[in-house]
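Let's have the full structure, built from the sequences with the hints guiding it.
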Amino acid sequence: MSIRVENISKQFGGFKALDNVTLDVPSGELVALLGPSGCGKTTLLRIIAGLENADSGRVLLDGDDASDTHVRERQVGFVFQHYALFKHMTVFENVAFGLRARSKKTRPTDAAIAQKVHQLLELVQLDWAANRFPAQLSGGQRQRIALARALAVEPRVLLLDEPFGALDAKVRKELRRWLRRLHDELHVTSVFVTHDQDEAVEVSDRIVLINHGRIEQVGAPTEVYQKPASAFVFDFLGTANRFEISDAAQGYGYARPHETELALSACHDTVAVTVSRVQHRGATTRIEALEQVRSGPKSDHRYFEIELPLVAVGSLDLFEGKVVHVRPTRLHVFDRQIAQSAGAAS
Amino acid sequence: MSVVNIVGTLERSPAIFETRAATSEPAWAKWSLIAVSIAFFSLFLLLPLVVVFVEAFAKGWSLYKDAVTEADAWSAIKLTLIAAAISVPLNLVFGVAAAWAIAKFEFRGKQILLTLIDLPFSVSPVIAGLIYVLLFGAHGWFGPWLKENDLKIIFAVPGIVLATMFVTVPFVARELIPLMQAQGREEEEAAVVLGASGWRVFWSVTLPNVKWALLYGVILTNARAMGEFGAVSVVSGHIRGQTNTLPLHIEILYNEYQFTAAFAVASLLAMLALVTLGAKSLIEWRQKSVLKELQS
Amino acid sequence: MTATTTPANAGFGTPPYPAEAIHRRPPETQTALRTRPGRRVLPGLPLSLGVSLTYLSIVVLLPLVALFARTFSLTFDAFIDAVFAPRVVATYLVSFGAALLAAVTNVVFGGILAWVLVRYSFPGRKLVDTLIDLPFALPTAVAGIALTAIYAKNGVLGAPLEALGLKVAFTPIGIYVAMVFIGLPFVVRTLQPVLQDHEIEFEEAAASLGASRLRTIIRVILPAMIPALLTGFALAFARAVGEYGSIIFIAGNVPYVSEITPLIIITKLEQYDYAGATAVASVMLVISFVLLLAINLLQAWTARRSGRTL
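Chains as they are written, first to last, in my numbering: chain C, 2 to 347; chain W, 41 to 336; chain E, 1102 to 1411.
For the record, the hints were derived by calculation from the structure and aren't laboratory data.
The beta-carbon is built from N, C-alpha and C at its ideal position, and this holds for glycine as well.
Where hints are given, some of them may not hold.
[To be verified] Residues of chain E clear of chain W, computed beta-carbon distances all greater than 10 Å:
hint : residue
1    : 1148
2    : 1186
3    : 1261
4    : 1266
5    : 1325
6    : 1353
7    : 1402
[As the list claims (entries may be wrong)] Derived DSS-like pairs: lysine-lysine, alpha-carbon spacing no greater than 30 Å straight-line:
hint : chain 1 : residue 1 : chain 2 : residue 2
8    : C       : 228       : C       : 174
9    : W       : 70        : E       : 1227
10   : E       : 1268      : E       : 1254
11   : W       : 118       : W       : 70
12   : W       : 118       : W       : 99
13   : E       : 1227      : W       : 251
14   : W       : 99        : E       : 1254
15   : E       : 1227      : W       : 328
16   : C       : 17        : C       : 228
17   : W       : 328       : C       : 88
18   : W       : 99        : E       : 1268
19   : C       : 88        : W       : 150
20   : C       : 88        : E       : 1227
21   : C       : 174       : C       : 117
22   : E       : 1254      : W       : 105
23   : W       : 150       : C       : 17
24   : C       : 88        : C       : 106
25   : C       : 105       : W       : 118
26   : W       : 105       : C       : 88
[Said to hold, decoys possible] If we take Cβ atoms under 8 Å as the criterion, some of the chain W residues that face chain E in the derived model are:
hint : residue
27   : 73
28   : 77
29   : 87
30   : 91
31   : 138
32   : 153
33   : 158
34   : 160
35   : 232
36   : 287
37   : 310
38   : 313
39   : 321
40   : 323
Now the structure itself:
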């Protein structure tokens, strides 16, 4: 079941949450909506689900306009950030809820419901917990129950809002892999929201980067990482060092820590910096440095992060306070960067 | 503005404060404060309660029995029950509706609605009675029309019910609103996504989540409905055997110097108060064990 | 949108981790998003709002409008005469004076009670905690006759006090006693949750900085409790001013001496002086509105201070 979002805009009071967003999610894919908090990704997910109404634009499920279909009839599975399990119902009752809520005509028999629920609980490896209450389960287990509950109604698409947001680091990682395997098994078209780029890279088929209510880039994890379409994407997916470009109108170019090097003497394309920290990490050394003051308040000075192979560090004889010169070995320049940032911020 | 909410976080037991060096006081200070508290509590709260029962049984059991089974007392009991039986369910429906609207939706004028709900808390009960006299009394707005149609509201049961409804407006709504706001909309949204109808969401998701607070709200409403004095006093007309509720009956007996009988009837209402407080403790304890379970 | 970023530092590349600083939405817009309704998602807004508004209109709004309409039908002189008649003015002094004293008493002793209930374990704590709500649950007429019996000439406390030359029942002191009774739970129950939620770390921080226990209580805990104390005070005061049932038995109701304002409304009503009763009632009602407004503001303040939701 494919999802198409067409020209969706959404305003909250004076705040533009989504600005003319168009997006295609092909059938069977697992897509991540990635962006900083408040970028509009959760709003987009809720609009796809029908939990929120767009001010303009359409949502198409499998080619049919679903914009006017109530969330009740949209047949989507939604997994809430804080699970939203029904506290007073057992795990079994939670998972059975969607089937029991159907009208008499379409409701399966009790036996069929029971069979289906146990099948789903087996799928999420929690069959033993059928008669427990949500409060008696751990966060990760609750999340899996929430997933089973959403799957019980055989949704056309599965939508997950920060599915691992409330879990601790270790459980997060396990659940991430588990979700990927589950998706490979079921192939339900799925969209999940996250602000964690590692999570997006690890789990999804494709990543949709959203910033200030606009889509910045859509692509496979390697694609967005290797060919970022904008300064925002470049910056959001890792640490970035900013360099001024003297001969270009855009003003800035960017480089990753491993794409910068240090020199002891100044040159036309170097920036003078003071070393503030040196960390040896096995084969590489990470250096933090602060731009040397020319004028202006100190808070305006750029901070640099440089990653060098251990062999390259020895000759530099680095220590805290030493003045060196940093230079990009590879510079990423984006056309849209200034227009983007200025436009979105106003 | 309700200060009797049973919602709330899991209470920290005093032991947490007492066992930490930085948050405990010297024993003499602690016990002096406890002594002052107990003295004040006993003087102002405990003593009146004890006196009610002591005075009620001062002249023995048989007089007590006579006082509470006498015909006028019986009709007062009946009227009190009738007034509560009408006003409590109405207040329940109103309270649930208001809480649903306020806690689950955003709309303009919500704050005004909340203020209106709180208003009867701060209006003198005497005024609560007076306003209905001005509307439905012989000289009131609808007075002449009511007289033409041979309807009686003031100095009759409908007036008593209306006054009771006024003073109980905030109780159920104010118990539910903070709890339902704290619970948010996620569970309801989850139910809707799973295809549940509005009523199903309400009955199988919302209601079970607030049942204890709702029960307490109803108990509180009932206590207030049965015990209201000022407002009812203004609209009742004090017709013995006809428009006398229990609290008004107490007043009449007391003014006729039938002290023991007055206290005997009062002891019935005092027992109602104790049952109300007992129910509150029970519900609080339930709520807390639920919270504890959730946090473990 | 109201982004806080200025064009000068809106470039994305200022390391380290500048994305966090630049792309995070300002807090006010985040709340706007969170409190946004799922408009048509949950059903029942028209029905529930309709029921609520109908009920409130019939039970609360219409009668109150009637009261003010009546008041405005009076001539100005008649209104002034009714409202400022010497006997009526005397009731204001009694009602507001006694309510003020009672509320102050309750703030002091209710404050201590709340502190003791939250901080100390002692035998009977649970019982005291439960019975604090007694004045909410006990019908006012019952409280009234009980207090009168206690403080009358031959009462448990009335007799010894009379021997000391202090008459309580049938004097303004009796009114004060009844007002203390009905106001106490308001202070205790407003303060208790705020004291409960007050983080232990603040006190530990103060202690680690060398503050004495008394200084910590006065300079760290007490200031944090002020909004709650004021709210409790206002609630107790508002309740005491309007109270009728528990007072009239013990007050004695002597004109100019121990007559409360609610009683004079009833007296006027019984004399068919509807205009007079309405005028005095509207004055009281306006005062209730003002108190209610003050209480709402205070509670909003309390909530902000303690991070609680109302």
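A quick look at each hint next to the structure:
1. 1148: Check fails; 7 Å does not lie beyond 10 Å.
2. 1186: 18 Å, holds
3. 1261: At about 13 Å from chain W, residue 1261(E) clears the 10 Å cut-off, so the statement holds.
4. 1266: 19 Å, holds
5. 1325: Label holds. Min Cβ-Cβ 14 Å, cutoff 10 Å.
6. 1353: Residue 1353(E) clear of chain W: closest Cβ-Cβ about 13 Å, beyond 10 Å.
7. 1402: 14 Å, holds
8. 228(C) - 174(C): Given pair residue 228(C), residue 174(C) holds - Cα atoms ~26 Å apart, limit 30 Å.
9. 70(W) - 1227(E): It holds: about 17 Å lies between the C-alpha atoms, which stays within 30 Å.
10. 1268(E) - 1254(E): 8 Å, holds
11. 118(W) - 70(W): 49 Å, violated
12. 118(W) - 99(W): 25 Å, holds
13. 1227(E) - 251(W): 24 Å, holds
14. 99(W) - 1254(E): 20 Å, holds
15. 1227(E) - 328(W): 14 Å, holds
16. 17(C) - 228(C): Holds. Residue 17(C) to residue 228(C) sits at ~28 Å (cutoff 30 Å).
17. 328(W) - 88(C): 14 Å, holds
18. 99(W) - 1268(E): Holds, at about 27 Å.
19. 88(C) - 150(W): 28 Å, holds
20. 88(C) - 1227(E): 29 Å, holds
21. 174(C) - 117(C): 28 Å, holds
22. 1254(E) - 105(W): Holds, because 28 Å separates the two Cα atoms, which is no more than 30 Å.
23. 150(W) - 17(C): 24 Å, holds
24. 88(C) - 106(C): With a Cα-Cα distance of about 28 Å, the restraint between residue 88(C) and residue 106(C) holds, given a limit of 30 Å.
25. 105(C) - 118(W): 45 Å, violated
26. 105(W) - 88(C): At roughly 48 Å apart (the allowed maximum being 30 Å), residue 88(C) and residue 105(W) break the hint.
27. 73: For residue 73(W), the interface hint holds, since the closest Cβ of chain E sits about 5 Å away, which is under 8 Å.
28. 77: Holds, about 4 Å.
29. 87: 6 Å, holds
30. 91: Holds, because the Cβ-Cβ distance from residue 91(W) to chain E comes to roughly 5 Å (cut-off 8 Å).
31. 138: Constraint on residue 138(W) satisfied, holds at 4 Å.
32. 153: Hint on residue 153(W): holds, closest Cβ of chain E at ~7 Å, below 8 Å.
33. 158: This hint holds: residue 158(W) lies near chain E, its Cβ roughly 6 Å from the closest one there, short of 8 Å.
34. 160: 6 Å, holds
35. 232: This interface hint holds because 6 Å falls under the 8 Å limit.
36. 287: OK, holds: residue 287(W) within 8 Å of chain E, min 4 Å.
37. 310: Holds: closest Cβ of chain E sits about 6 Å from residue 310(W), inside 8 Å.
38. 313: 4 Å, holds
39. 321: 5 Å, holds
40. 323: 12 Å, violated
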